[in-house]
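In numbering that gives the first Met the number 0, the protein residues as written are 0 to 627.
Note that these hints are calculated values from the structure, not bench results.
Note that the Cβ used here is the ideal one computed from N, Cα and C, for glycine as well.
Treat the hints with care, as some may be off.
Quick list of simulated restraints, FRET-style, between CB atoms [unchecked claim]:
1) Trp373 x Val277: 35 to 41 Å
2) Thr237 x Asp613: 53 to 59 Å
3) Arg627 x Ala39: 38 to 44 Å
4) Thr251 x Ala173: 42 to 48 Å
5) Thr537 x Arg148: 39 to 45 Å
Using 20 Å as the maximum straight-line C-alpha spacing, the simulated EDC-like pairs for lysine to aspartate or glutamate come out as follows [unchecked claim]:
6) Lys400 x Glu546
7) Lys400 x Asp519
8) Lys400 x Glu434
9) Lys400 x Glu433
10) Lys400 x Glu530
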Amino acid sequence: MKKRVTLRFVEATAVFLFTLQAIRVLFSVLFGIIYDAVFAGPMTPVVIVIFLLLLLAFLSPLFAPRRTDRFRWTLFIPSLLVSLSRVPLTLNDPQARLYSSLLILAAFGFYAATLLRQSPLIFCQTLIAALAADQFFRALGNTFDITLRAGWLPYQVILSVALAGLSWRLFSLARGRVEEVSTQRLGLLGGLAMGAFLFLELSLLSFPNAVARWSEGSYAVLAPALLLVTLLPLLPGTQKWRRRWQGMQSTTPWLWGMVLVLLTCASFAAGYLFNGMVASVALLLSQCLVLLALPGALADDRDRIGLGLAVGNLFFLLLNFAYAFAFTYAYTLAFFQGTGLPIVLVGALAATLPAVLRRLAPLPQEWPSRGGRWSAVQWAVVALLVIVCAVFAWPPAPQMKEAGPNVRVGTYNIHYGYRTDWQFYLEEMARTIEESGADIVALQEVDTGRITSYGVDDALWLARRLRMGVVYQPTVEHLTGIALLYRFPLQRAEGQLLSSCLEQTAIVHAQVRVGDEPLDAYGIWLGLEPEERATQLTDALEFVTREGPAVFGGDFNSTPDSPVYRRLVEAGFSDPFAVGGFEPSPTSPSESPQERIDYVWIRGLSVVGAQVLDSTASDHRMVVIEAR
């Protein structure tokens with residue numbers, strides 16, 4: 000019996016992990032589909048079909064058989080489908096990723112509904128273990144999941160085959176009727192709580208880089224700390240604290256339930272509104288609290304598992320779309336501007352609500368154990384994972400330069416890491432910057448932990464990949480903005496939001512030391528409307544220092560015959576292409592470019608060279624100038 004429980008734990012953890020990865024991939028691919036529908040034209044029949052398939056995939060738990068004793072395949076077949084569909088998910092192809100992720104989600108609906116009926120005691124534990132494994136794999140890749148890179152494909156084939164073999168072994172071990180091991184059930188309220196829990200994890204709490212950006216804390220510290228906090232509920236000995244909580248909560252459930260709800264919401268608010276250690280600790284506390292409340296979702300006394308999971312999936316979908324609108328309000332619904340925290344608080348309320356309306360579920364059994372020695376092994380494994388995570392999360396030493404003689408400066412709109420066809424091309428963008436030899440690079444459209452861009456921190460990943468320093472300036476909800484990469488010693492850095500009617504924009508400044516002289520580097524992204532750009536440029540020029548050598552790069556969304564161009568010349572900046580007599584090639588779009596809207600301006604420097612690179616890794620081309 001113990002052997003089968005252990006094998007089921009391993010299988011379920013792998014299925015949960017592959018599903019979490021599929022969800023992240025699915026929302027990233029959907030982002031491209033929706034983006035094109037908003038900017039390129041009306042929805043096509045193909046887009047409508049895709050969203051119908053999405054809806055069916057999320058409703059799949061409704062179709063899972065209730066009598067699992069008559070249908071022994073309801074764990075084996077879904078597990079097999081998840082394991083096989085996970086292989087094409089590794090390929091950097093939007094179509095392959097879209098349909099494989101939809102298939103994984105549909106199969107997972109059957110698997111989750113059956114697991115809750117047959118082995119509900121390990122459902123929460125395997126979900127937590129999968130969240131921790133997902134954090135670990137992303138930490139190994141500096142927030143870029145190594146299992147979604149091309150080099151991972153042979154390893155994924157091995158893992159998928161191993162999972163398929165394990166599922167077959169469990170299927171073969173099944174004999175006769177499968178007995179229920181608990182009376183725990185998932186109802187409608189529990190389904191909402193489960194959907195809210197997944198939203199909180201996949202939008203913030205399970206992304207240490209997102210936690211770091213919210214709190215302005217250290218990713219190197221938060222990545223291992225968050226992994227440890229996530230793993231704690233699985234460890235022997237730690238569950239006694241939940242037993243104490245359960246004992247207090249059983250006497251006055253409303254009181255202690257309200258304490259849990261209010262404390263959870265307050266910790267999220269503190270993480271959003273404050274910064275530094277206070278915010279970091281608050282968000283780690285948020286993770287502890289939602290993990291504490293998670294088993295409460297399984298406290299219904301009626302079997303409405305399929306309906307509960309389906310409702311939870313739809314609630315998860317609703318929260319994610321609402322949260323996405325908090326970033327894209329300028330192009331969708333203006334009402335959602337500034338709603339990031341309220342949406343997260345709705346999720347926190349829903350995730351902890353069962354603790355108020357009813358007692359917490361009986362404490363599940365601990366992670367399959369074989370005694371004291373096995374418990375020590377579990378602690379040792381967790382310690383090893385946290386140490387490895389800390390090693391990979393620690394930043395490599397930047398390869399700094401002390402002096403020129405020349406300085407190469409670039410600007411690059413990286414389109415959240417995507418190419419025009421929505422392939423995730425962050426590695427190719429890094430290679431473009433590397434081959435350009437740029438010492439300072441202004442970056443625009445930088446995501447730092449959104450589910451719509453694979454959860455990757457573009458600024459952190461590029462800085463570590465290129466061994467450069469980075470200054471990040473958030474513009475919307477902490478997780479998207481602009482950045483400056485630099486290879487000279489940093490003296491000071493700052494940023495400022497610009498007056499914006501549509502999408503919020505900003506300017507970022509880094510003063511570096513080149514030899515014995517300071518150089519002011521600025522990066523900017525201006526809005527899409529002429530009137531808005533005029534106001535933003537006024538703000539920017541007031542922010543820019545009046546004296547000394549400076550470089551000013553960005554996506555100005557303005558052509559050379561625009562008022563923006565003329566005002567920059569009047570402010571004392573020079574266009575290196577015009578001054579040096581170089582051909583000013585267009586920069587946007589990257590394929591068959593039509594407009595020149597990306598610039599690197601200089602002041603107090605002499606032009607040596609200027610070029611627009613041929614790389615099509617992003618939807619803009621990179622501009623690089625050389626000056627002294």
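Are the Cα atoms of Lys400 and Glu546 separated by 20 Å or less?
violated (24 Å)
CB of Thr537 to CB of Arg148, is that within 39 to 45 Å?
Hint holds: Cβ distance 44 Å, inside 39 to 45 Å.
For the pair we were handed, Lys400 and Glu434, check the Cα-Cα distance against 20 Å.
With Cα atoms ~17 Å apart, Lys400 and Glu434 stay inside 20 Å; holds.
Would you mind confirming whether the straight-line C-alpha gap from Lys400 to Glu433 stays at or under 20 Å?
Distance ~15 Å between Lys400 and Glu433 Cα, so the pair holds.
Going straight from one Cα to the other, do Lys400 and Glu530 come out at no more than 20 Å?
With a Cα-Cα distance of about 40 Å, the restraint between Lys400 and Glu530 is violated, given a limit of 20 Å.
Given the hinted pair Lys400 and Asp519, is their Cα-Cα distance within 20 Å?
At roughly 16 Å apart (the allowed maximum being 20 Å), Asp519 and Lys400 satisfy the hint.
Satisfaction of the hinted span 38 to 44 Å by the C-beta atoms belonging to Arg627 and Ala39:
holds (43 Å)
If you check the beta carbons of Thr237 and Asp613, does the distance land in 53 to 59 Å?
The hint (53 to 59 Å, Cβ to Cβ) holds, given that Thr237 and Asp613 are roughly 55 Å apart.
That 35 to 41 Å hint for Trp373 and Val277 (C-beta), does it hold up?
holds (38 Å)
Is 42 to 48 Å respected by the C-beta to C-beta distance linking Thr251 and Ala173?
holds (43 Å)
The structure fails hints 6, 10 (numbered hints given earlier, in ascending order).
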